[in-house]
Structure formats: structure tokens, C-alpha cells
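Residue numbers (my numbering), protein chains in the order written: chain D, -8 to 122; chain A, -8 to 122; chain G, -8 to 122.
Simulated from the structure, these hints should not be mistaken for laboratory data. Treat the hints loosely; a few may be bogus.
Identical chains blur together in the list; that is why a pair holds if it fits in one copy or across any two.
[As the list claims (entries may be wrong)] Only pairs whose alpha carbons sit at most 30 Å apart, straight line, appear in this in silico BS3-like list of lysine-lysine:
#, residue 1, residue 2
1, Lys16, Lys(-5)
2, Lys16, Lys116
3, Lys16, Lys0
4, Lys116, Lys0
Because the structure is a prediction, the values reported are computed rather than measured.
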Amino acid sequence: MVIKEIQIKTSARNDLIDITPLIEKVVTEAGISQGICVLFVPHTTAAVTINENADPSVKVDIIASLNMLAPSGNHYQHHEGNADAHIKASLIGPSECILVQGGRLFLGTWQGIFFCEFDGPRTRKICVKLI
Amino acid sequence: MVIKEIQIKTSARNDLIDITPLIEKVVTEAGISQGICVLFVPHTTAAVTINENADPSVKVDIIASLNMLAPSGNHYQHHEGNADAHIKASLIGPSECILVQGGRLFLGTWQGIFFCEFDGPRTRKICVKLI
Amino acid sequence: MVIKEIQIKTSARNDLIDITPLIEKVVTEAGISQGICVLFVPHTTAAVTINENADPSVKVDIIASLNMLAPSGNHYQHHEGNADAHIKASLIGPSECILVQGGRLFLGTWQGIFFCEFDGPRTRKICVKLI
């Protein structure tokens, strides 16, 4: 299977967007019954994480926490105003490996997949490869 | 090979548990000689990392450091009292890809695989898939 | 394909080294047209990340930021003087999964692969496996 690219529109500078249904759809359409689903974000100011998608306040806390760990501002060497976004991207990371079983993503009960925008709003993409 | 689920009992709120022998056993029993071993934690307040398992003080430092980066407390939006655990889970991440060669995990001399509990004690699991 | 080990000489205690051409060469020489490229760092005080390789100040900011999150010093339990390096290694992580398409690494325009040294200078290695 070739790489599937999914487009994502983000609406804030920092944003966590639940993309679980989009990734699930790729798995279903590929008709794969078991294997792994590799997600890769081809950007340097965005990332992908897996966390709780039941209570939306969890993503608010994650964003607030990352803003404390890498505050926005002009005290960085990189002068494009988004150094904090680059740092957050490396802390969270651009890839995830998710297991596939019975034709579905093998996620825990409370887990959702979140595209992490750190320098939006923008039109982004995430790449999906099934093995 | 289907997904192998390993049960882990944790004994503290924050805990790093060396699960290297458990994962090594899955690889040995599967009889796979080379490939990759994908680990996936199906929880939103736990994670998996790889670090030194020679000196147990390393894991104490990692836990103390994460407690500083995401302090426990009630200053979060998420009101279940474990927002810090969700943040730590995203900082460390739920998956790792480890190489397999000669029928064994291809780890560095000092590396061990640690299940990271951030909201214990609980009975948890980690999923293993060999490719 | 067996695991390919690449040697890296680092020149500072904290250093991010662009290894994109080295990994690209492994993919080209293997003659693989599509799949995934798994990178694994077999050290406990080093890691691998993906970030911007156009402006070298980005890596300066990442290093400075990690130094704030895990300051060097003797206030740790681990008494080898490199506890900060172990913490940074777990924050960034030892592995990455990169997609391969058309015989090349499928990276975003601004993305480069960086070996992260946190306790150098040393001679290190990174392991590459193509699936």
C-alpha cells in the first residue's frame, strides 16, 4: 500500500485535533486485518500524540503545559517567532506506531489520536502507512 | 503473529518498571530471528520508555524530573486529579519500536525497557507486536 | 535486510547532528522502493529527533530548552554527573519511524533527522532497519 496523506485544517496557534476517525477510515478502506499503522507528520512545528479523547479538557491541559515548558517569545535564536513550536514538536514527536487487529486500530478504551498544531492556524497533513 | 498482551501491576502513583525480561520472553517464544518489536501502551496515563536499567537511581531522577515538568495538583482543567499523568504520558509517548536481530531484542548495553506508570497503583497492560 | 549501524562522532556535551544524508544513503543502497525506515539509538544518554534543518538556530533553541527542562548539576540521585542526559533521552526518545516512498525517505520539505547527543563528546552509533 502506498502512503495515504490526510489533510487537516487547524484553527488556532496551538491545537490538538482528534483524528482517530480519519485514521480508522484509512485502515478500514485498506481492508488490512492485522499489522501496524505508522503515522508520520511531515512538518517541523506540528506533531502527533495519543491521549484521552473523552474529556476535552485533557487537551487543554496538555497545550497549557507545553506552553509553560516552551513559552512563546522572542528570547530564542530562531527569529521566525515559532521556536517554541519547533521545541514542542520534538518533545511530542512526529511519528506513532499503532497496532491493527481484526481490521481496526487496537487502541485503549480512552485513547484517541491527536494531530498537534503548534504554529497554526494552517492547512497541514499527516501521512499514514499500513504494514 | 497476533498481538501479545502483558499484564503489569504497578505499586506507586509514579513508577518505572523494568519490563525488558517480559518483552525478551515474547520475542524468544515467537521464534522470530529478525524484524521489529512494536510496543504499545493502551492507556492515557501511562507510557513506555527506554533508559538505563543498571543504576536504579536513573528512574528516580526521571520520575522527579517529570513531576517538576507536570506537577500534580488541582490547577488543571481536567478535574479527575490526574491531568499531570496525561501530560507525562504524551511527553514520554505510548509506543516504541525496537529492533530484533539473532532472535533477541537489539538493545544497547545499558538499555532497559520501562513501563511508565503515572497514575497508579493499578493493573496495566502493554501490547507487543512482532513484524 | 540486517541492521545497519552508523557511527557518529559528536563534538560537544549537548549536540544535534543532522544525519539525514547518512540515513538516506542506507535507503538508497538497500534499493528498497517503499516501506518504513526504523531508527534506533542504542544509548541511554542520546536520542533521535526530526526537526528543521534549514536554520541551524532551531537546534540551538532545542538544546537550550532541554537544558532548562533538565538542568545539569549534582542535585540528582544518579551520581555519574549525567542524570540530565538520561532525562533528555527519555523526553526525546530513542526511536523514530520514517516512511519510505519511491526509494527515498518521505520527509517534509523542512525536516531533517538529528542525532541528539546529551553526554558527549563521544563516538556513538545509530541503528537503521528497513521493513
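So, going through the hints one by one against the coordinates:
1. Taking the closest pair of Cα atoms, Lys16 and Lys(-5) come within 30 Å of each other both inside a single copy (11 Å) and across two copies (24 Å).
2. In this homomeric assembly, Lys16 and Lys116 come within 30 Å of each other (Cα to Cα) both inside a single copy, at 15 Å, and across copies, at 26 Å.
3. For the identical chains of this complex, Lys16 and Lys0 are intra-copy neighbours only, at 18 Å inside a copy versus 34 Å across copies, given an alpha-carbon limit of 30 Å.
4. For a Cα distance limit of 30 Å, the shortest separation of Lys116 from Lys0 inside one copy, 8 Å, qualifies, whereas the shortest one across copies, 34 Å, does not.
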